[in-house]
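Residue numbering for the sequence shown follows our numbering, beginning at 1 and increasing consecutively.
It cannot be assumed that every hint is accurate.
To be verified - Restricting the straight-line Cα-Cα distance to at most 27 angstroms, the calculated cross-link-like pairs of lysine-lysine (DSSO-like) are: (1) Lys115 x Lys85; (2) Lys41 x Lys67; (3) Lys15 x Lys41; (4) Lys115 x Lys83; (5) Lys83 x Lys64; (6) Lys85 x Lys41; (7) Lys83 x Lys67; (8) Lys64 x Lys15; (9) Lys85 x Lys64; (10) Lys85 x Lys107; (11) Lys67 x Lys85; (12) Lys85 x Lys15; (13) Lys64 x Lys49; (14) Lys79 x Lys67; (15) Lys85 x Lys49; (16) Lys83 x Lys107; (17) Lys83 x Lys15; (18) Lys49 x Lys83; (19) Lys15 x Lys67; (20) Lys79 x Lys49; (21) Lys41 x Lys64; (22) Lys79 x Lys15; (23) Lys41 x Lys83.
Stated by the list, open to error - Listed next, with one range per pair, are the computed distances between beta-carbon atoms: (24) Trp87 x Ala26: 21 to 27 angstroms; (25) Tyr53 x Ile118: 28 to 34 angstroms; (26) Arg46 x Asp109: 34 to 40 angstroms; (27) Asp109 x Arg47: 32 to 38 angstroms; (28) Val114 x His10: 19 to 25 angstroms; (29) Lys115 x Lys15: 36 to 42 angstroms; (30) Lys41 x Arg117: 17 to 23 angstroms.
Simulated from the structure, these hints should not be mistaken for lab results. Since the model is a prediction, treat every value here as computed from it, not as a measurement. Where a beta carbon is used, it is the ideal one built from N, C-alpha and C, also for glycine.
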Amino acid sequence: FIPAKGEVLHPDFIKGLNTVAFAGIASPDSFRNTLTGVGAKVLYFRRFKDHHYYREEEILSLLKAKKRIGADILITTEKDWVKIKDWCINFHDFAYLSVKFSITSNKGDFFRIVKSRIGEP
Numbered sequence: 001f002i003p004a005k006g007e008v009l010h011p012d013f014i015k016g017l018n019t020v021a022f023a024g025i026a027s028p029d030s031f032r033n034t035l036t037g038v039g040a041k042v043l044y045f046r047r048f049k050d051h052h053y054y055r056e057e058e059i060l061s062l063l064k065a066k067k068r069i070g071a072d073i074l075i076t077t078e079k080d081w082v083k084i085k086d087w088c089i090n091f092h093d094f095a096y097l098s099v100k101f102s103i104t105s106n107k108g109d110f111f112r113i114v115k116s117r118i119g120e121p
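Kindly produce the complete structure, drawing on both the sequences and the hints.
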């Protein structure tokens, strides 16, 4: 998603783009791996602790890094975007990646395992 442009794009749009990325999730490297997996060139990546409370200065620093190294786009997770959108809604070179989880096969087995772990019949 590129919110300032109101664009919802297929993840392939990032293929070959030079990116600056950041994430404040439990496993930030999984986000980085997702980006490289869809073909992004991650020139700079900043990890934050899960549930990080962003300061405006941190986002401005990332935007400066993007400009300094000549990246095409600054990208984060949807979870992080929600925390910073008020500061960044007008930046046209700012995007977030929305990842959806779905079970495509063996749904019954999956839910049986989950129920057994939480003690439901």
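Do the hints match the structure? See the list:
Of the pairs offered as hints, the one joining Lys115 and Lys85 is violated, with about 36 angstroms between alpha carbons and a cut-off of 27 angstroms exceeded. Between the alpha carbons of Lys41 and Lys67 the distance comes to roughly 15 angstroms, so the proposed pair stays at or under 27 angstroms and holds. Of the supplied pair hints, the one linking Lys15 and Lys41 holds, its CA atoms being roughly 8 angstroms apart against a limit of 27 angstroms. Between the alpha carbons of Lys115 and Lys83 the distance comes to roughly 32 angstroms, so the proposed pair goes past 27 angstroms and is violated.
Restraint check for Lys83 and Lys64: satisfied, since their Cα atoms lie roughly 19 angstroms apart, inside the 27 angstroms limit. This hinted pair checks out: Lys85 and Lys41 have alpha carbons roughly 24 angstroms apart, not beyond 27 angstroms. Restraint check for Lys83 and Lys67: satisfied, since their Cα atoms lie roughly 22 angstroms apart, inside the 27 angstroms limit. A distance of roughly 22 angstroms separates the Cα atoms of Lys64 and Lys15; the hinted pair therefore holds under the 27 angstroms criterion.
Taking the CA atoms of Lys85 and Lys64, the gap is near 17 angstroms; set against the 27 angstroms cutoff, the hint holds. Distance restraint check for Lys85 and Lys107: the Cα-Cα separation of roughly 35 angstroms exceeds the 27 angstroms cut-off, and the hinted pair is therefore not satisfied. The straight-line distance between the Cα atoms of Lys67 and Lys85 is roughly 20 angstroms, inside the 27 angstroms bound, and the hint therefore holds. For the given pair, Lys85 sits about 24 angstroms from Lys15 by alpha-carbon distance, which is consistent with the 27 angstroms threshold.
Among the hinted pairs, Lys64 with Lys49 is consistent with the structure: their alpha-carbon atoms are about 21 angstroms apart, no more than 27 angstroms. At most 27 angstroms may separate the alpha-carbon atoms for a hinted pair to count; Lys79 and Lys67 meet this at roughly 24 angstroms. For the given pair, Lys85 sits about 19 angstroms from Lys49 by alpha-carbon distance, which is consistent with the 27 angstroms threshold. Between Lys83 and Lys107, the direct Cα distance comes to roughly 32 angstroms. Violation of the 27 angstroms bound is thereby established for this hinted pair.
Between Lys83 and Lys15 the CA atoms are separated by roughly 26 angstroms; this keeps the pair inside 27 angstroms, and the hint holds. A hinted pair counts as satisfied when its Cα atoms are at most 27 angstroms apart, and Lys49 with Lys83 qualifies at roughly 14 angstroms. For the hint linking Lys15 to Lys67, the alpha-carbon distance of about 19 angstroms falls within 27 angstroms, and the restraint holds. With a C-alpha separation of about 13 angstroms, the suggested pairing of Lys79 with Lys49 holds against the 27 angstroms cut-off.
Taking the CA atoms of Lys41 and Lys64, the gap is about 18 angstroms. The hint holds against a cut of 27 angstroms. Restraint check for Lys79 and Lys15: the C-alpha separation of about 22 angstroms stays at or below 27 angstroms, so the hint holds. Restraint check: the Cα-Cα separation between Lys41 and Lys83 comes to about 25 angstroms, which is no more than 27 angstroms; the hinted pair holds. The given range of 21 to 27 angstroms is respected by Trp87 and Ala26, whose C-beta atoms sit roughly 23 angstroms from each other.
Between Tyr53 and Ile118 the beta carbons are some 30 angstroms apart, a value that agrees with the proposed interval 28 to 34 angstroms. A hinted range of 34 to 40 angstroms holds for the C-beta pair Arg46 and Asp109, which are about 38 angstroms apart. At about 34 angstroms, the CB distance of Asp109 to Arg47 agrees with the hint of 32 to 38 angstroms. With their beta carbons about 30 angstroms apart, Val114 and His10 fall outside the hinted range of 19 to 25 angstroms.
The supplied range of 36 to 42 angstroms is met by Lys115 and Lys15, whose beta-carbon atoms lie about 39 angstroms from each other. For Lys41 and Arg117, the hinted distance range of 17 to 23 angstroms is not satisfied, since their beta carbons lie about 39 angstroms from each other.
Checked against the numbered hints given earlier, this structure breaks hints 1, 4, 10, 16, 28, 30; the rest are met.
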